[in-house]
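Chains as they are written, first to last, in the numbering used here: chain A, 1 to 642; chain B, 1 to 100.
Don't take each hint at face value.
[Stated by the list, open to error] Among chain A residues calculated to face chain B with C-beta under 7 Å, some are:
id, residue
1, ARG614
2, GLN617
3, THR618
4, GLY619
5, VAL621
6, ARG622
7, TYR624
8, GLY625
9, LEU626
None of these hints come from the bench; they were simulated from the model. The structure presented is a predicted model; accordingly, all values stated were derived computationally and were not measured. We treat Cβ as the ideally placed atom computed from N, Cα and C, and that holds for glycine.
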Amino acid sequence: MLDFAWLILLFPLLGVLINGFIGNRIGKKWVGRVACAAVGLSFLVGVGVFFALLGEEHGRTVSLFSWITVGDFQIQAALLVDQLSTLMSLVVAGVSFVIHVYSIGYMAEDERYSRFFTLLNLFVFSMLILVLADNFLLLYVGWELVGLCSYLLIGFWFERPSAAEAGKKAFLVTRVGDFGFALGVMLIFATFGTLGYAEVFEQAPQVLTTGLATAITLLLFAGAAGKSAQIPLYVWLPDAMEGPTPVSALIHAATMVTAGVYMVARTHVLFELAPLSMTVVAVIGAATAFFAATIALVQNDIKRVLAYSTISQLGYMFLAVGVGAYASGIFHLTTHAFFKALLFLSAGSVMHGLSGELDMRKMGGLKDKMKTTYRAFLAGAAALAGFPLLSGFFSKDEILWRAFNSSIIPSASLRAGLWLVGIVTAFLTAFYAFRAVFLTFWGPSRVDEEVAHHIHESPRIMTTPLTILAVLALIGGLIGIPHLSAVEGFLEPVFAHHQAVPPPPAPPQPGGGSGILEWVLMALSAAVAILAIILAQYMYLVNPDRPGRLSKRYASIYKLLSNKYYVDEIYMAGIVNPLRNLASFLSRVMDAGIIDGAVNGLAAFFGRAGEETRKLQTGYVRNYGLAMLMGVVVVLGYLILR
Amino acid sequence: MIPSSYYLALSAIIFVIGVVGVLVRRNAIVILMCIEMMMGAAGLAFVTFSRYLNSLDGQVAVFLVMAVAAAEVAVGLGIIVSVFRHKQTTDVDEINLLKW
Chain A
1 MLDFAWLILL FPLLGVLING FIGNRIGKKW VGRVACAAVG LSFLVGVGVF
51 FALLGEEHGR TVSLFSWITV GDFQIQAALL VDQLSTLMSL VVAGVSFVIH
101 VYSIGYMAED ERYSRFFTLL NLFVFSMLIL VLADNFLLLY VGWELVGLCS
151 YLLIGFWFER PSAAEAGKKA FLVTRVGDFG FALGVMLIFA TFGTLGYAEV
201 FEQAPQVLTT GLATAITLLL FAGAAGKSAQ IPLYVWLPDA MEGPTPVSAL
251 IHAATMVTAG VYMVARTHVL FELAPLSMTV VAVIGAATAF FAATIALVQN
301 DIKRVLAYST ISQLGYMFLA VGVGAYASGI FHLTTHAFFK ALLFLSAGSV
351 MHGLSGELDM RKMGGLKDKM KTTYRAFLAG AAALAGFPLL SGFFSKDEIL
401 WRAFNSSIIP SASLRAGLWL VGIVTAFLTA FYAFRAVFLT FWGPSRVDEE
451 VAHHIHESPR IMTTPLTILA VLALIGGLIG IPHLSAVEGF LEPVFAHHQA
501 VPPPPAPPQP GGGSGILEWV LMALSAAVAI LAIILAQYMY LVNPDRPGRL
551 SKRYASIYKL LSNKYYVDEI YMAGIVNPLR NLASFLSRVM DAGIIDGAVN
601 GLAAFFGRAG EETRKLQTGY VRNYGLAMLM GVVVVLGYLI LR
Chain B
1 MIPSSYYLAL SAIIFVIGVV GVLVRRNAIV ILMCIEMMMG AAGLAFVTFS
51 RYLNSLDGQV AVFLVMAVAA AEVAVGLGII VSVFRHKQTT DVDEINLLKW
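Build out the structure end to end from the sequences listed, making use of the hints.
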């Protein structure tokens, strides 16, 4: 079965080709069926591979064809089918399938229906290449392709200038990260002479100095920071909400943005050889988590709240992999895919029912009018908030515990600091999640007149995916219960440590002090979540003018937060505009002025020279005679004087 | 014996007068005459060398020079007549169409 893993890639590719070339002729119904079938079949193959893998210890490399052979340099187009990549493929294909089905309903009115599904399938194909790749070059191919698909899908409604701008912004910002990533890959090649995972990871402990490892991993992390929207390269993600909601759900919540986390987990061998990089990853992850959560508190656009929430949760994942808890990070990635996709799709359903309204201040009182959507959104919000026993609770709590207890971060105060940031952020997360719930679904209806007449629940083709995801969001965490964690066990062969690095913290000894600590911290996480929900209820239901009054009292903080700390403006002023001015200068002065000037000037010079020279042709015979005489005199003189 | 340099000096002087004449005079026919003068001077030089080197080669050369001069005058006069038919003048300064 493992040898057929390439089928996982084949089906989405077929979907792209079919919908891309004849999509306009086979009609919307078939386009949707082809696209969903493509992803669905891919998922089924993934399930088959998963079960086949349960019986094996290690993964397998499935080589497709010899891609590059230049002298000694060889790159195979090969897939690494191990537990990590299989899990990722399942998440990608599974969530994609649900979203594809949803999109059939959501995009039903759109003119460029087949283009949409072609691009979605292309995206799934690219993402699967990324997670199944067996070497850094193929990873990079997948990496760039998902970036391209993201650009095309964000700017899907390209008639809207804001959408086109957002697509550009996403591509350019991630490009900055990708540049670092490319440098990292080149450095790997320069050091190891090969780009295959197996060879690199095997030789790394012997070949890499700490300095070199730090350089490589920091460069790779730059790429991750771009793709996975961490500080300082997160600014594209909120703007990316211009794209259709299924795109936001798929790319900017469940899959593409998790590529960075996957990459760090995959290259954990290299990261462990560079403790500084691990710390950087963890610190940036925690900082981003907190930072984004604070911004999400005051956003009024429902999709923006979710966007900043995604950035924040990605921060948690990086915190996890930064402290060496790779399985926890991947586990959170999985649960986040469920509940974040759920939240986005529910938000899309709300927008669909409200004829496109996305300002939460103009919503309210929807819980009876859109029952299924409400329940779905509630489930997602609760999972996001880390309500006890839901999926988000287990994964987030796992991360916090591991951060507190990491053997990779030596400084106890740093570990405590990271845990503290994590738990405060968890409080904020629960708060803003339920703020969104209460503002959107509870309370008096603040909906516009004309819109209010048309409020309706979404069709079944949209609500069924919501239900599926809601179930996953609610019970999906059970596979990761601490000490029973099937996730951790499954992924263990991938993350098994080599002798050079000490093993991760073992499960607590029975009756030992750390055992109690773990339960205490878990109880704290639960308490924090519940407290935040209660506070949100107080602020938005019981006492709805409280937030308004608070925002006036702390007006400057409120302004700072709702303007996203002015980061976009700072980037515009500090980076974008200087670059634009430089480009303008180079274009006007250097290119048009100097270079064109030189070339044209040369031509003009010869023109002038010619003009002056032709004045010799006076037409006077006597001048010519004189010239001849002069010539004779010169020649004779030379001959005589020689 | 008269030193050969006297003859050569004479030849040179006649040649220079001819050159100056070509450059200075405006009448085309006069310019042709000066060209003839230059050829005469050349012929004189040839004969001088023939005498002082006791060789007949110089005198044979003069034959050729004369023949060439004759042919040239014929052609030159033909051109002048043709130009005169167009421009009604033999003033060389007037024939200046081949200019920039």
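Hint by hint, here is what the structure shows:
Hint status for ARG614 of chain A: holds, given a least beta-carbon distance of 4 Å to chain B, under 7 Å. For the restraint placing GLN617 of chain A at the interface with chain B, the shortest Cβ-Cβ distance is roughly 5 Å, inside the 7 Å limit, so the hint holds. Hint on THR618 of chain A holds. Least Cβ distance to chain B is approximately 6 Å, under the 7 Å limit. The beta carbon of GLY619 of chain A is positioned within 7 Å of a beta carbon in chain B (closest approach about 3 Å), and the interface hint is therefore held.
Residue-level restraint check for VAL621 of chain A holds (minimum Cβ-Cβ distance to chain B is 5 Å; threshold 7 Å). Because the smallest distance between the Cβ of ARG622 of chain A and any Cβ of chain B comes to about 6 Å, under 7 Å, the interface hint for this residue holds. Given the 7 Å rule on beta carbons, the hint for TYR624 of chain A is violated: about 10 Å separates it from the nearest Cβ of chain B. With a least beta-carbon distance of about 6 Å to chain B, the hint placing GLY625 of chain A at the interface is held under the 7 Å criterion.
Annotation: LEU626 of chain A was flagged as interfacial toward chain B, and the flag holds, the nearest CB pair being 6 Å apart, inside 7 Å.
The structure fails hint 7 only (numbered hints given earlier).
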